[in-house]
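Student: Chain by chain, the residues:
Number of protein chains: 2
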Amino acid sequence: MSAYPLLCKLASEIALLESTSATLGWEQETYMPPKALEHRAQQIGYLTGKGHALFTAKKFRLLLEKAEGEELGPVACANVREWRRLVNRATKLPQKLVEEFSVASSRAKAAWVEARKRSGFAPFAPHLEKLLQLTLKKAERWGYDAEPYDALLDEFEPGAKAGEIATLFSILRPQLSMLAKEAVARSANVPADALTGEYPVAQQQQLNREVAASIGFDFDAGRIDTTAHPFCTKLGPRDVRLTTRYDPTDFTSSLFGVLHEAGHGLYEQGLPADDYGLPSGTAVSLGIHESQSRLWENHVGRSRAFWERWLPRAKEIFPALHLSLDEFLRVLHRAEFSYIRVEADEATYDLHIILRFTLERRMLNRELKIKDLPAAWNEEFKSLFGFTPPDDARGCLQDIHWPMGALGYFPTYTLGNLNAAQLYQAAQKDGSIKQACERAEYAPLLAWLREHVHAKGSTLSPRELMMAATGEPSDGRWYLDHLRTRFVA
Amino acid sequence: MSAYPLLCKLASEIALLESTSATLGWEQETYMPPKALEHRAQQIGYLTGKGHALFTAKKFRLLLEKAEGEELGPVACANVREWRRLVNRATKLPQKLVEEFSVASSRAKAAWVEARKRSGFAPFAPHLEKLLQLTLKKAERWGYDAEPYDALLDEFEPGAKAGEIATLFSILRPQLSMLAKEAVARSANVPADALTGEYPVAQQQQLNREVAASIGFDFDAGRIDTTAHPFCTKLGPRDVRLTTRYDPTDFTSSLFGVLHEAGHGLYEQGLPADDYGLPSGTAVSLGIHESQSRLWENHVGRSRAFWERWLPRAKEIFPALHLSLDEFLRVLHRAEFSYIRVEADEATYDLHIILRFTLERRMLNRELKIKDLPAAWNEEFKSLFGFTPPDDARGCLQDIHWPMGALGYFPTYTLGNLNAAQLYQAAQKDGSIKQACERAEYAPLLAWLREHVHAKGSTLSPRELMMAATGEPSDGRWYLDHLRTRFVA
Numbered sequence: 039m040s041a042y043p044l045l046c047k048l049a050s051e052i053a054l055l056e057s058t059s060a061t062l063g064w065e066q067e068t069y070m071p072p073k074a075l076e077h078r079a080q081q082i083g084y085l086t087g088k089g090h091a092l093f094t095a096k097k098f099r100l101l102l103e104k105a106e107g108e109e110l111g112p113v114a115c116a117n118v119r120e121w122r123r124l125v126n127r128a129t130k131l132p133q134k135l136v137e138e139f140s141v142a143s144s145r146a147k148a149a150w151v152e153a154r155k156r157s158g159f160a161p162f163a164p165h166l167e168k169l170l171q172l173t174l175k176k177a178e179r180w181g182y183d184a185e186p187y188d189a190l191l192d193e194f195e196p197g198a199k200a201g202e203i204a205t206l207f208s209i210l211r212p213q214l215s216m217l218a219k220e221a222v223a224r225s226a227n228v229p230a231d232a233l234t235g236e237y238p239v240a241q242q243q244q245l246n247r248e249v250a251a252s253i254g255f256d257f258d259a260g261r262i263d264t265t266a267h268p269f270c271t272k273l274g275p276r277d278v279r280l281t282t283r284y285d286p287t288d289f290t291s292s293l294f295g296v297l298h299e300a301g302h303g304l305y306e307q308g309l310p311a312d313d314y315g316l317p318s319g320t321a322v323s324l325g326i327h328e329s330q331s332r333l334w335e336n337h338v339g340r341s342r343a344f345w346e347r348w349l350p351r352a353k354e355i356f357p358a359l360h361l362s363l364d365e366f367l368r369v370l371h372r373a374e375f376s377y378i379r380v381e382a383d384e385a386t387y388d389l390h391i392i393l394r395f396t397l398e399r400r401m402l403n404r405e406l407k408i409k410d411l412p413a414a415w416n417e418e419f420k421s422l423f424g425f426t427p428p429d430d431a432r433g434c435l436q437d438i439h440w441p442m443g444a445l446g447y448f449p450t451y452t453l454g455n456l457n458a459a460q461l462y463q464a465a466q467k468d469g470s471i472k473q474a475c476e477r478a479e480y481a482p483l484l485a486w487l488r489e490h491v492h493a494k495g496s497t498l499s500p501r502e503l504m505m506a507a508t509g510e511p512s513d514g515r516w517y518l519d520h521l522r523t524r525f526v527a
Numbered sequence: 039m040s041a042y043p044l045l046c047k048l049a050s051e052i053a054l055l056e057s058t059s060a061t062l063g064w065e066q067e068t069y070m071p072p073k074a075l076e077h078r079a080q081q082i083g084y085l086t087g088k089g090h091a092l093f094t095a096k097k098f099r100l101l102l103e104k105a106e107g108e109e110l111g112p113v114a115c116a117n118v119r120e121w122r123r124l125v126n127r128a129t130k131l132p133q134k135l136v137e138e139f140s141v142a143s144s145r146a147k148a149a150w151v152e153a154r155k156r157s158g159f160a161p162f163a164p165h166l167e168k169l170l171q172l173t174l175k176k177a178e179r180w181g182y183d184a185e186p187y188d189a190l191l192d193e194f195e196p197g198a199k200a201g202e203i204a205t206l207f208s209i210l211r212p213q214l215s216m217l218a219k220e221a222v223a224r225s226a227n228v229p230a231d232a233l234t235g236e237y238p239v240a241q242q243q244q245l246n247r248e249v250a251a252s253i254g255f256d257f258d259a260g261r262i263d264t265t266a267h268p269f270c271t272k273l274g275p276r277d278v279r280l281t282t283r284y285d286p287t288d289f290t291s292s293l294f295g296v297l298h299e300a301g302h303g304l305y306e307q308g309l310p311a312d313d314y315g316l317p318s319g320t321a322v323s324l325g326i327h328e329s330q331s332r333l334w335e336n337h338v339g340r341s342r343a344f345w346e347r348w349l350p351r352a353k354e355i356f357p358a359l360h361l362s363l364d365e366f367l368r369v370l371h372r373a374e375f376s377y378i379r380v381e382a383d384e385a386t387y388d389l390h391i392i393l394r395f396t397l398e399r400r401m402l403n404r405e406l407k408i409k410d411l412p413a414a415w416n417e418e419f420k421s422l423f424g425f426t427p428p429d430d431a432r433g434c435l436q437d438i439h440w441p442m443g444a445l446g447y448f449p450t451y452t453l454g455n456l457n458a459a460q461l462y463q464a465a466q467k468d469g470s471i472k473q474a475c476e477r478a479e480y481a482p483l484l485a486w487l488r489e490h491v492h493a494k495g496s497t498l499s500p501r502e503l504m505m506a507a508t509g510e511p512s513d514g515r516w517y518l519d520h521l522r523t524r525f526v527a
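Quick mapping for you: the protein sequence lines, in order, are chains P and Y. For my numbering, add 38 to where a residue sits in the first sequence, where the first one is 1. For my numbering, add 38 to where a residue sits in the second sequence, where the first one is 1.
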């Protein structure tokens, strides 16, 4: 009897457990009453533990070893290869280290919340030091060739290397920096509140729904709900949930939230449903996932063609909206330097990422001491943005990633931006796609992404996927072209 | 090592699985997109199977046997006793019979849907015959002293006997029948559409929420959502979900739905949270559960005192509402004979139940052949209501209970009505409760129910609970008194 189908069956069972956890997690963020929290945490912990136990059990590993000796088709081979990578990652860490990390991360998060409130880095420093030490232990266990960062990155962006990213970023840095400065200067006469008005939530929901449906999001296999922070989660092979939040004085806040999350959602809806629970039915990396959200949010959703179609409709829905198309686009393309990454616009966002990548790589290589992080942050920030954050809350304490112990995550945001631009330009080479996009019709673009990105699941590595779809690995020039055209042309 | 705490631990694990299934089931009815159905069914099936396997495994039974020999406190004793009853019920059926029944019930439901559409009983008859045969096999396996009905009833109303219910019902029948006729005659001049108006859903939700909160429903540990059919479900020790549906032309439809389900919800919120997953933290029977919903819906929610407080508020919320208190109460207490049980009012509802109990008992005793069911239904119906249904869709095919194979369920509705009246009058003996109810303040009434009903969980049988709370077993005279006062006084 072949081991491969038995592995698929186990993987389906794990997927049932994980998708149930995801459903409970979604409900916790959307509808759950507050006193239900403790029991919900118990449920999710129980199901997560069961899924992890199945995946790391001897049974799975023995079957995997057997399957590695079997003659299999290309998709099955890819699944076996990816399972091996994931099983290694899941089993190479001793249970004690996993638990120690989990405790340290909980404590660090609590200390971070306090440190942010009082804006003092010092009491948080020992927690970050502890997390860094444990993270380095994890990296040792997982193994790496060049530097510990690579072992961490592999969780989010399989196959990517910190050295390659550093090269990419060193090319981007001066050009992005120059570009951002010019974009900010050109926006000086666009008032920050040009859009401010009355946009009732029910009407925003109407527009968001129409827009999401028009780019191809299937509402028979998904929903949009309201949460404090927008996200996208998959609850089953035909069940993708988006969330957004509403600012009743600015409809674009919820709308771009929806476009971003719908980009993630279209990827999830486009993965092969029959392979649900297998690597071949699973998104390949954060850098590819983010490319889909950024493509729909920025390349489509902030384009002139898109608003030629949608501004008249938005004006029907919102009587408060009176801007002309040119005025409206100037607001959408307004650039401004800000301390806070999550509030940054398209023109300045990646500078925030480059800063974080540089610093966390230096921390992991033990070139930067934790106690020196605030000073290093402010120095890098000044070199990138030209001014200094007023305090650490608006500086090195602003993100939850490090307190969670998620080192190696940040560069996937910029990889997503590069990939979005590169995939978008590759698709535009097809004249019929380009012409449809100019009419704000996106079915041909979506079909291209379905074929070249979504349908692949994890059968190709992110690098292989970009090669196959665009003819070259991730590169910055398409993104720089895009930013130049949009912001300084 | 004592076996009892190990049983409690296993029961907690089973409760985690079951409450997760319940959460998925709630989400399926409230928010789930249609294409997600198949995966959702797989998730629920998987979790249900895991929970059932844990409960019926040798490990649980061996621990239970050991615990039965241990010296335990009264609550632990009650839990062990109830586990024994439940384990016996769960393990006495051979797997083959369970599967055969599940297949037969699926087929019967499909045939029933068809039969209802075409209003033809004949093609449904063989399915009901098959279900009846399998139901009798189940009853044989479970065992009974007097008649098969008792074995079925025990699932819904532990310890109840069909013979006792028959005696209760034979006393009720002539008096209810007379009472119903008089109530219907007195309502002749109350128009059916006296309340019809415009009641926007958002405003209905506002009133429903205020009313539910005022009777003590804790919205930090629960919610109200919208579904095709109202229900109440518990998702965790501090998480109770109510649902209702909205008729935009009649606000009382959703409001009484909420009052009914909130009655169930108050019971669930009042069960000892620390005993969640144990019999001592679980509702004891359908007849007690329904007593709580009917108490709040009918004894509280249709009382003059309640509307003295709430009609002015309803008029603030709904400008369309213009009836005086007396006019409004006449509409609420309007009685009418109808073919359909679920549309029946308080004065006529139990006649529908008596009809069903009589017929299903005769079927189970093999005194009534399936092919003769429609004729027997119409004959009984005529004797109770004075006229004959025009077709089987409005006759013996109207309910889903028999096609599902849920024989022995119906009498719990009327037991609920009797218990509601009996508990309500017992509570009213306390003058401070009575006075508070007259001011439409229900905290003292709820406190009484918490102490005498909710806090007991399943540590007492339904009969013991009624004895302890009211001094006598379930009896019809309090209910008849209530109906007389309300409808013919």
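Keep in mind that the hints are not guaranteed to be accurate.
Any copy, or any two copies together, can satisfy a pair, since identical chains are not distinguished.
Unchecked claim - With a straight-line Cα cutoff of 35 Å, these simulated DSBU-like cross-link-like pairs (lysine-lysine) come out:
id	residue 1	residue 2
1	K467	K104
2	K472	K73
3	K47	K219
4	K47	K155
5	K353	K73
6	K175	K467
7	K47	K147
8	K130	K155
9	K199	K47
10	K353	K219
11	K168	K353
12	K73	K97
13	K168	K130
14	K96	K219
15	K134	K47
16	K420	K130
These aren't lab readings, by the way, just hints derived from the structure by calculation.
Student: Compare the structure with each hint and give your call.
Tutor: Going through the hints against the structure:
Proximity of K467 and K104 under a CA criterion of 35 Å is satisfied in neither setting, with 44 Å inside one chain copy and 75 Å between copies. In this assembly of identical chains, the alpha carbons of K472 and K73 lie at most 35 Å apart only when taken from different copies (32 Å versus 52 Å within one copy). For a Cα distance limit of 35 Å, the shortest separation of K47 from K219 qualifies neither inside one copy, at 54 Å, nor across copies, at 62 Å. With identical chains, the CA atoms of K47 and K155 are never at most 35 Å apart, being 48 Å at best within one copy and 40 Å at best between copies.
Taking CA atoms no more than 35 Å apart as the test, K353 paired with K73 passes between copies only; the shortest distance there is 33 Å, against 42 Å inside one copy. With identical chains, the CA atoms of K175 and K467 are never at most 35 Å apart, being 46 Å at best within one copy and 70 Å at best between copies. Taking the shortest Cα distances, K47 and K147 sit within 35 Å of each other only across copies (31 Å), while inside one copy they are farther apart (37 Å). Taking the closest pair of Cα atoms, K130 and K155 never come within 35 Å of each other, the shortest separation being 37 Å inside a single copy and 61 Å across copies.
Only within a single protomer do K199 and K47 lie at most 35 Å apart by alpha-carbon distance; the minimum there is 33 Å, versus 47 Å between protomers. In this assembly of identical chains, the alpha carbons of K353 and K219 lie at most 35 Å apart only when taken from the same copy (32 Å versus 61 Å across copies). For a Cα distance limit of 35 Å, the shortest separation of K168 from K353 qualifies neither inside one copy, at 53 Å, nor across copies, at 62 Å. Proximity of K73 and K97 under a CA criterion of 35 Å is satisfied inter-copy only: 33 Å between copies versus 39 Å inside one chain copy.
In this assembly of identical chains, the alpha carbons of K168 and K130 lie at most 35 Å apart only when taken from the same copy (20 Å versus 56 Å across copies). For a Cα distance limit of 35 Å, the shortest separation of K96 from K219 qualifies neither inside one copy, at 56 Å, nor across copies, at 72 Å. For a Cα distance limit of 35 Å, the shortest separation of K134 from K47 qualifies both inside one copy, at 30 Å, and across copies, at 24 Å. In this assembly of identical chains, K420 and K130 lie within 35 Å of each other by CA distance neither inside one copy nor across copies; the values are 40 Å within and 75 Å between.
Of the hints listed earlier, those the structure fails to meet are numbers 1, 3, 4, 6, 8, 11, 14, 16, in rising order.
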